Amino acid sequence: MSASYVAVGWNRQKKIYDWLIAGFCFTYLLLFISVTLIVNEQVTFETLLIRSTSTLAVLLLHVILAIGPLCRLDKKFLPLLYNRRHLGVTMFTFALAHGGFSIFQFHALGNTNPFVSLFISNTNFNSFAAFPFQALGFFALLIFFLMAITSHDFWLHNLSPRVWKTLHMFVYLAYLLVVMHVMLGVIQYENNPVFVIIILAGAVTLITLHLLAGSKERKLDKRKFSLEQEGFMYVCPAEEIEDSRAKIFCIDKERIAVYRHENKLYAIHNVCKHQGGPLGEGKILDGCITCPWHGYQYLPHNGQSPPPFKEKVSTYDVKIIDGKVWLNPVPFPEGTERPGATIK
Amino acid sequence: MIFITTILIIMALYLLAGLVFAIPFVIKGVAVIDEGARGSSWGFRLIIIPGVTVFWPVLLNKWLHASKIKRS
Ligand code: HEM
Ligand code: FES
Numbered sequence: 150m151s152a153s154y155v156a157v158g159w160n161r162q163k164k165i166y167d168w169l170i171a172g173f174c175f176t177y178l179l180l181f182i183s184v185t186l187i188v189n190e191q192v193t194f195e196t197l198l199i200r201s202t203s204t205l206a207v208l209l210l211h212v213i214l215a216i217g218p219l220c221r222l223d224k225k226f227l228p229l230l231y232n233r234r235h236l237g238v239t240m241f242t243f244a245l246a247h248g249g250f251s252i253f254q255f256h257a258l259g260n261t262n263p264f265v266s267l268f269i270s271n272t273n274f275n276s277f278a279a280f281p282f283q284a285l286g287f288f289a290l291l292i293f294f295l296m297a298i299t300s301h302d303f304w305l306h307n308l309s310p311r312v313w314k315t316l317h318m319f320v321y322l323a324y325l326l327v328v329m330h331v332m333l334g335v336i337q338y339e340n341n342p343v344f345v346i347i348i349l350a351g352a353v354t355l356i357t358l359h360l361l362a363g364s365k366e367r368k369l370d371k372r373k374f375s376l377e378q379e380g381f382m383y384v385c386p387a388e389e390i391e392d393s394r395a396k397i398f399c400i401d402k403e404r405i406a407v408y409r410h411e412n413k414l415y416a417i418h419n420v421c422k423h424q425g426g427p428l429g430e431g432k433i434l435d436g437c438i439t440c441p442w443h444g445y446q447y448l449p450h451n452g453q454s455p456p457p458f459k460e461k462v463s464t465y466d467v468k469i470i471d472g473k474v475w476l477n478p479v480p481f482p483e484g485t486e487r488p489g490a491t492i493k
Numbered sequence: 011m012i013f014i015t016t017i018l019i020i021m022a023l024y025l026l027a028g029l030v031f032a033i034p035f036v037i038k039g040v041a042v043i044d045e046g047a048r049g050s051s052w053g054f055r056l057i058i059i060p061g062v063t064v065f066w067p068v069l070l071n072k073w074l075h076a077s078k079i080k081r082s
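First to last, the sequence lines map onto chains W and A.
So the working numbering is basically just the index in the first sequence, starting at one, shifted up by 149.
So the working numbering is basically just the index in the second sequence, starting at one, shifted up by 10.
Quick caveat, the hints were computed from the structure, so don't treat them as lab data.
As the structure is a prediction and not an experimental result, all values here were calculated from the model.
Fair warning: there could be bad hints in the mix.
Claimed, not checked - Listing some non-contacts, in silico: residues in chain A with all C-beta distances to chain W over 12 Å:
1) Leu23
2) Phe31
3) Pro34
Unchecked claim - Derived DSSO-like pairs: lysine-lysine, alpha-carbon spacing no greater than 30 Å straight-line:
4) Lys396(W) to Lys224(W)
5) Lys365(W) to Lys225(W)
6) Lys72(A) to Lys459(W)
7) Lys78(A) to Lys314(W)
8) Lys78(A) to Lys163(W)
9) Lys224(W) to Lys373(W)
10) Lys72(A) to Lys314(W)
11) Lys396(W) to Lys413(W)
12) Lys402(W) to Lys432(W)
13) Lys314(W) to Lys38(A)
14) Lys72(A) to Lys461(W)
15) Lys371(W) to Lys402(W)
16) Lys396(W) to Lys493(W)
17) Lys314(W) to Lys368(W)
18) Lys402(W) to Lys373(W)
19) Lys402(W) to Lys368(W)
20) Lys78(A) to Lys459(W)
21) Lys413(W) to Lys373(W)
22) Lys459(W) to Lys368(W)
23) Lys432(W) to Lys473(W)
24) Lys461(W) to Lys78(A)
25) Lys38(A) to Lys461(W)
26) Lys402(W) to Lys461(W)
Note that beta-carbon positions come from the ideal geometry of N, C-alpha and C, so glycine has one too.
Input sequences plus hints: build the corresponding full structure.
As structure tokens, this is what we get:
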């Protein structure tokens with residue numbers, strides 16, 4: 150939020166997360182190197198470095214891309230999302246190591262500048278079997294680089310959330326480039342199809358997860374509210390909303406979270422000011438609505454972050470008549486105080 | 011070959027300019043354009059340098075605007 154920035158926002162949970170990432174990467178590299186050495190004794194040290202870092206980066210990339218849809222399908226996965234950016238920066242570091250070692254190994258030993266060599270040593274752009282797959286890897290790495298250097302929240306605020314989000318959506322283009330890089334590269338180096346099969350299985354998994362999550366979301370958005378009275382829509386019985394939790398309603402394309410806090414209902418815009426997290430999937434902690442993604446907080450009665458923070462979201466009017474919740478989907482300006490509705 | 015070399019040289023110059031810009035920016039500029047950076051740690055200022063080196067025109071523009079508003 151907007152109190153003074155720190156380099157890395159570590160807390161206990163994030164530290165545990167980062168230790169797990171480090172432990173996982175270390176174990177993976179160790180396993181990969183030992184298994185390769187057992188299976189293929191002639192393997193060179195350079196090849197070991199290039200291949201262990203590249204496969205680790207691709208593995209992490211799949212985890213990163215799966216976290217979004219998994220969280221939409223099941224809240225159990227939310228802890229993974231909490232610190233996804235550290236996972237992203239870790240992935241970039243290993244991809245950079247792989248790209249760096251490859252450029253060194255294949256391009257730095259001649260007289261040409263290695264970056265020039267990367268693009269001119271193979272110009273079979275219209276051949277499938279001999280395609281310059283390394284250029285694809287280079288552009289993917291460039292996208293990961295731009296994402297990694299803008300991962301601090303400072304960039305979210307100063308490039309504007311829209312630009313930042315767009316930039317980070319390029320991860321899907323980068324993923325596509327990586328898939329092509331691996332497939333086209335492997336057919337030049339290996340005749341074992343196992344790499345291609347693994348990469349395809351990964352792609353099928355990711356596409357399926359995204360489709361499932363998307364269709365779940367669309368079903369929620371399509372729910373029709375037909376009972377209307379003086380601008381208020383009937384949404385649900387009051388007892389359906391658990392204490393300190395919310396239900397999300399999508400009316401006229403506005404996503405609204407109706408929270409229950411100390412026997413009152415309050416409605417605020419469902420979209421978090423940080424990165425658009427679904428506020429209605431969070432809960433109330435210390436009297437504040439807490440975003441499930443990275444923990445930004447808002448007061449239920451006015452949609453404002455508690456001082457010294459300055460984020461604000463829109464608020465809405467709710468009322469309860471005979472135990473039924475009625476919601477007015479016309480937003481009040483961000484941060485407007487609303488009385489809420491008392492549950493009898 | 012000349013084409014790629016030219017692009018690389020232009021890119022290198024652009025990044026070099028960004029690196030030079032980054033020095034006054036992290037010392038003074040950040041706090042002018044973003045109040046969240048007032049009194050922030052050195053770790054934070056160092057960690058944004060790679061991004062400043064790439065996105066410096068955006069930040070320069072913001073910095074110029076911010077100081078114009080202050081003066082008027
Ligand atoms: C400048 C950027 C890059 C260059 C020059 C490059 C170069 C290479 C080369 C030469 C190979 C074949 C290595 C061998 O097995 O002997 C390769 C394979 C591979 N690359 Fe890249 N690459 C780059 C970026 C990336 C990125 C960003 C990723 C994914 C995050 C990636 C993932 C892989 C994978 C999974 C393989 C197959 C396994 C392997 O052989 O290492 N590469 N790359
Ligand atoms: S989206 Fe990051 S805290 Fe809400």
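Hint-by-hint comparison with the structure:
| no. | hint | verdict |
| --- | --- | --- |
| 1 | Leu23 | holds, 15 Å |
| 2 | Phe31 | holds, 14 Å |
| 3 | Pro34 | holds, 16 Å |
| 4 | Lys396(W) to Lys224(W) | holds, 14 Å |
| 5 | Lys365(W) to Lys225(W) | holds, 16 Å |
| 6 | Lys72(A) to Lys459(W) | holds, 20 Å |
| 7 | Lys78(A) to Lys314(W) | holds, 29 Å |
| 8 | Lys78(A) to Lys163(W) | violated, 40 Å |
| 9 | Lys224(W) to Lys373(W) | holds, 24 Å |
| 10 | Lys72(A) to Lys314(W) | holds, 20 Å |
| 11 | Lys396(W) to Lys413(W) | holds, 14 Å |
| 12 | Lys402(W) to Lys432(W) | holds, 23 Å |
| 13 | Lys314(W) to Lys38(A) | holds, 27 Å |
| 14 | Lys72(A) to Lys461(W) | holds, 23 Å |
| 15 | Lys371(W) to Lys402(W) | holds, 9 Å |
| 16 | Lys396(W) to Lys493(W) | holds, 19 Å |
| 17 | Lys314(W) to Lys368(W) | holds, 24 Å |
| 18 | Lys402(W) to Lys373(W) | holds, 11 Å |
| 19 | Lys402(W) to Lys368(W) | holds, 13 Å |
| 20 | Lys78(A) to Lys459(W) | holds, 24 Å |
| 21 | Lys413(W) to Lys373(W) | holds, 25 Å |
| 22 | Lys459(W) to Lys368(W) | violated, 34 Å |
| 23 | Lys432(W) to Lys473(W) | holds, 22 Å |
| 24 | Lys461(W) to Lys78(A) | holds, 27 Å |
| 25 | Lys38(A) to Lys461(W) | holds, 28 Å |
| 26 | Lys402(W) to Lys461(W) | holds, 20 Å |
Hints 8 and 22 from the earlier list are contradicted by this structure; the remaining hints agree with it.
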